[in-house]
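Visitor: Below, each chain spelled out in residue letters.
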Amino acid sequence: MLAFDCSRRQFLGLAGGLAAFAGLGLAGCGGTTAPAGSTAADAALTGTVTYDGASSFQALVEAAAEQFMNDNPDVSITGSGNGSGTGLTAVADGTVNIGNSDVFAETKLEADQAATLVDHEVAVVGMGPVVSLNVTVDDLTLEQLAGIFSGQITNWSEVGGEDAEIHVLNRKAGSGTRATFEAAVFGADVPDFAGEAELDKSGDVQTQLGSTDNAISYLDFSHFDDTKFKAIKVGGVEPTSENVTDNSFPIWATEHMYCQEDADEVTKAFLEYMLSDDVQGSLVEEQGFIPVSQMTVVKDAEGNVTEK
Amino acid sequence: MAKQMPKRNLEKVGLSVTGACVALVTLVVVALIFMVAQRGLSTFFKDGVSIAEFFTSTRWNLAMTNEETGLPFTGALPLIVTSFAVTIFSTVIAVPIAIGAAIYVVEISPKFGQKYFQPLIELLVGIPSVVFGLIGFHVIVRAVRVIFNVELGLGILPGSIVLALMILPTITTLSIDALRAVPQSYREGSLALGYTRWQTIWHVVLKSATPSLMTAVILGMTRAFGETLAVRMVIGGVETMPTSLLDSASTITTTLTTSMAVYATGSVQNDALWTLGLLLMGMSLIFIMIIHLIGAKGAKARG
Amino acid sequence: MANATSVTTATSGAHAPEQEGRIRRSMRNDKLATGILAAIVAIVMLIVVAMVAYILFQGIGMLFQPGFLTEASRSNGTEGGIAYQLFDSFYLLILTLIISLPISLFGAVFLVEYAPDGPVTKIASTAIETLSSLPSIVVGMFGFLMFSVNFGWGYSLISGAIALTMFNIPILTRVITQALEDVPSSQRDACLAMGLTRWETTLHVLIPAAMPAIVTGVVLSAGRVFGEAAALLFTSGMSSPARLNFFSLNFASPTCAWNIFRPGESLAVHIYKIYGEGSPEAQHIVWGTAAVLMICVLLFNVLSRIAGKALARRMTAE
Chain A
15 MLAFDCSRRQ FLGLAGGLAA FAGLGLAGCG GTTAPAGSTA ADAALTGTVT
65 YDGASSFQAL VEAAAEQFMN DNPDVSITGS GNGSGTGLTA VADGTVNIGN
115 SDVFAETKLE ADQAATLVDH EVAVVGMGPV VSLNVTVDDL TLEQLAGIFS
165 GQITNWSEVG GEDAEIHVLN RKAGSGTRAT FEAAVFGADV PDFAGEAELD
215 KSGDVQTQLG STDNAISYLD FSHFDDTKFK AIKVGGVEPT SENVTDNSFP
265 IWATEHMYCQ EDADEVTKAF LEYMLSDDVQ GSLVEEQGFI PVSQMTVVKD
315 AEGNVTEK
Chain B
2 MAKQMPKRNL EKVGLSVTGA CVALVTLVVV ALIFMVAQRG LSTFFKDGVS
52 IAEFFTSTRW NLAMTNEETG LPFTGALPLI VTSFAVTIFS TVIAVPIAIG
102 AAIYVVEISP KFGQKYFQPL IELLVGIPSV VFGLIGFHVI VRAVRVIFNV
152 ELGLGILPGS IVLALMILPT ITTLSIDALR AVPQSYREGS LALGYTRWQT
202 IWHVVLKSAT PSLMTAVILG MTRAFGETLA VRMVIGGVET MPTSLLDSAS
252 TITTTLTTSM AVYATGSVQN DALWTLGLLL MGMSLIFIMI IHLIGAKGAK
302 ARG
Chain C
212 MANATSVTTA TSGAHAPEQE GRIRRSMRND KLATGILAAI VAIVMLIVVA
262 MVAYILFQGI GMLFQPGFLT EASRSNGTEG GIAYQLFDSF YLLILTLIIS
312 LPISLFGAVF LVEYAPDGPV TKIASTAIET LSSLPSIVVG MFGFLMFSVN
362 FGWGYSLISG AIALTMFNIP ILTRVITQAL EDVPSSQRDA CLAMGLTRWE
412 TTLHVLIPAA MPAIVTGVVL SAGRVFGEAA ALLFTSGMSS PARLNFFSLN
462 FASPTCAWNI FRPGESLAVH IYKIYGEGSP EAQHIVWGTA AVLMICVLLF
512 NVLSRIAGKA LARRMTAE
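Chains as they are written, first to last, in this note's numbering: chain A, 15 to 322; chain B, 2 to 304; chain C, 212 to 529.
Since the hints were derived computationally from the structure, they do not count as laboratory data. Treat each hint with caution, since some may be false.
As the list claims (entries may be wrong) - Each computed EDC-like pair below joins lysine to aspartate or glutamate, with the alpha-carbon atoms no more than 20 Å apart:
id	chain 1	residue 1	chain 2	residue 2
1	A	LYS242	B	GLU189
2	B	LYS298	B	GLU152
3	B	LYS47	A	ASP177
4	A	LYS244	A	GLU286
5	B	LYS13	C	GLU411
6	B	LYS112	B	GLU189
7	A	LYS242	C	GLU492
8	B	LYS208	C	GLU492
Said to hold, decoys possible - Pair ranges (Cβ atoms, derived):
id	chain 1	residue 1	chain 2	residue 2	range
9	A	LYS322	C	PHE462	55 to 61 Å
10	C	THR332	A	ALA315	57 to 63 Å
11	C	GLU290	B	ALA38	40 to 46 Å
None of these values were measured; they are calculated from a predicted model. No residue lacks a Cβ here, since even glycine has one placed at the ideal position from N, Cα and C.
Full structure from sequences and hints, please.
Guide: Here's what the structure looks like:
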């Protein structure tokens, strides 16, 4: 009798627990849909926009968000830079509103997932190899870079430097900077080479490179810092924005901001703002990026570069 | 009636409210185990990754596709080896220190132990793991660079040192409890036979406390095996077979932290990561079982 | 090892001078062992003190920097202050305690007072033990899939609080169970003999009697929750809103600080996020944040002792 009693209570408890979960779930839905509903009233924008993705141009998005929130005090824009892969997955899953990426969504997501996303190209950024301050080499060809980042060239003396082992610092596999760099250096045939460390963010690369001798890595131009490490030429071409605009410096990426097709009002408004003159006219260049309008060439998802 | 419920009903309310809470917790745990197992196993049964390959292949690269199978490279052996390596090395470093300290404060200077040592060691328990990681990243990695004359200083060795620091308080406090539980009469008997204090400790106290000390060590290992962020900050994160203690490597937990959010729910890569989660969960269950076995054996030995 | 042989032979009764030598040797070993043990203890204490001092020394300067504790962070956390992270940490802690305290309290009451010896109790306590041994990253993964993805809450404080709850429940249940078991059974028997139900006994006698131990345990567990990061990475997220309005009572508003469906970032997660950033300012912020975190944890530690003692004194004075 007692045993039966207990099992029944156990069952009731179970049911209660489930009900509690369901209740919380409903409350959750109510919470997230409310802002979307209230924007229908037009006039002042209210709502929340979340983003995640590439750390390379997160500073740009954040600066733009700051301005946007000054104009629209009831909007909250927040997010972080955990890598392009994370951003794309998150926007496809719906855990964030905007996914920032250095690469086309098609290269990271399944085709049917990528098809539901809307692309906004907000800027272009060059990315170049960077080396420790003690390295004497200041120019590497794409072939030499390919040798170093596939583990075939292991000593600086092989590329005209001093006799010292090369320490390769890579980014994690989800990184758009890594994808861009490898696409430019290796094309489609990327080797399985991890290097000596795989770091999470562009900032981590800055730190490690600044405190390590004889190391090489890659960063986007906006993360260059002459006091900690030096950016080197690729095939004799200086890593500058001017050289990127006509593809004479071959390693660069278009910065994409993806949202879902049925994104809410606020998200769309913010993305429009990113493409407006307020951002494109001044902020993009202030932050070390290149406005898309200045480019004389375009790159497609396969990495083919064509004249505009 | 309106003022006060009949006693019997009141008792029922009590039983059902408290029972519901316990049931809720149990339900959540069962749901968690079920969900992790379901997602983790679908790597093998839905996506068709070979179990043997998962546990024996040394190539882990989720971003690349294996031409032969059309699946990403999911050889988890390097991660498993690294996880065990850091766990074992950190235990080897921490155990002598922890048990030595426990002996001192229980057997040699109990007053000092209770008044100064224990509060201090409890403080160490409270230090968040990211803070350990931060110290590891700035102090231990730098020290490793200088001492071993390497460039990066990231790898299994600094990881083990950081973990040793983290599990030190766990093992120490539990060992202190274990040694305190040894009946005073054992010590008195031994001393009366003319043994020195050290001989008493070594032959009597430690021997009779062995099962509890082993429990302490295994609980420490459980913590080391599952620790995530502090290790991530000093280990480098390269998912290849470690060849030396000073090479970058990646534990199961490290790979989970850096890759989990990158791949969409339901993709092969994501499932493979859940399999790693399942592995972690399985290991912690095994650790618990070992503790129970030790407990049962100890109870049996005492009669 | 040398010891072991000396003892076995010493007891087997050898010649007198030989035995004297052995005794001298074992005395020497005794001194040596004591010295080594003392050195170990000294080293451990030195490490703890050095760690705490190092963190405070590195970070304490930031606390007096104007704006560090009162401004929002900028540039992905590498500039500005940590005001919202500080708030989020405490808010997450409070949410976690609101959820986990009643569950653990009643759960513990069930296990101590009601639970019949049998499979039900065994399963429940095994479940709690399992939960306590799970790595926090696994709890975080589960929370991410269950709450952030399946329930559609995204990165939100409530997802984080539930993940922390799962982490906290075993700790709290163990502490409260212990506290209830320590109440003398004479009190329990007296109440039952007076005709009170178990429920009344528990509510009016046992829980108040166990209160000092419970409070100590709760505050100590709060310290653990406060510093947890791995379970939060994928549940409450790695960013805090850029602006929060603490006076807004519109709980659905994304800028309302009290909205439990907004993303949030705890101090510990903040450290993990920016520990690798190279700029000197970011490094100052990291150490400052670590110092704040340490001070909070120390406060919890001290507070738990004081609160426990004070309550116990009041109880016994009555």
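Visitor: For the pair we were handed, LYS13 of chain B and GLU411 of chain C, check the Cα-Cα distance against 20 Å.
Guide: It holds: about 12 Å lies between the C-alpha atoms, which stays within 20 Å.
Visitor: Can the restraint linking LYS242 of chain A and GLU189 of chain B be considered satisfied, given a maximum Cα separation of 20 Å?
Guide: Roughly 65 Å separates the two Cα atoms, so the pair is violated.
Visitor: Could you grab the alpha-carbon distance between LYS244 of chain A and GLU286 of chain A and see if it respects the 20 Å cut-off?
Guide: violated (36 Å)
Visitor: Measure nothing beyond the straight line between the CA atoms of LYS47 of chain B and ASP177 of chain A; if it is 20 Å or shorter, mark the hint as holding.
Guide: violated (51 Å)
Visitor: For the pair supplied as a hint, LYS298 of chain B and GLU152 of chain B, confirm whether the alpha-carbon distance does not exceed 20 Å.
Guide: Violated - the C-alpha atoms of GLU152 of chain B and LYS298 of chain B are around 49 Å apart, more than 20 Å.
Visitor: Regarding GLU290 of chain C and ALA38 of chain B, is the given constraint of 40 to 46 Å on their beta-carbon distance met?
Guide: Between GLU290 of chain C and ALA38 of chain B, where Cβ atoms are some 44 Å apart, the hint holds.
Visitor: For the pair we were handed, LYS242 of chain A and GLU492 of chain C, check the Cα-Cα distance against 20 Å.
Guide: Holds, at roughly 15 Å.
Visitor: Take the C-beta atom of LYS322 of chain A and the C-beta atom of PHE462 of chain C, compute their distance, and say whether it sits inside 55 to 61 Å.
Guide: violated (49 Å)
Visitor: Using the C-beta atoms of THR332 of chain C and ALA315 of chain A, is the stated range 57 to 63 Å upheld?
Guide: Because 59 Å falls inside the window, the suggested range holds.
Visitor: Given the proposed pairing of LYS208 of chain B with GLU492 of chain C, does the C-alpha separation stay at or below 20 Å?
Guide: violated (54 Å)
Visitor: Under the criterion that the straight-line Cα-Cα distance not exceed 20 Å, is the pair LYS112 of chain B, GLU189 of chain B satisfied?
Guide: Given that 20 Å is the threshold and the Cα spacing comes to 19 Å, the pair holds.
Hint violations for this structure: numbers 1, 2, 3, 4, 8, 9, all remaining hints satisfied.
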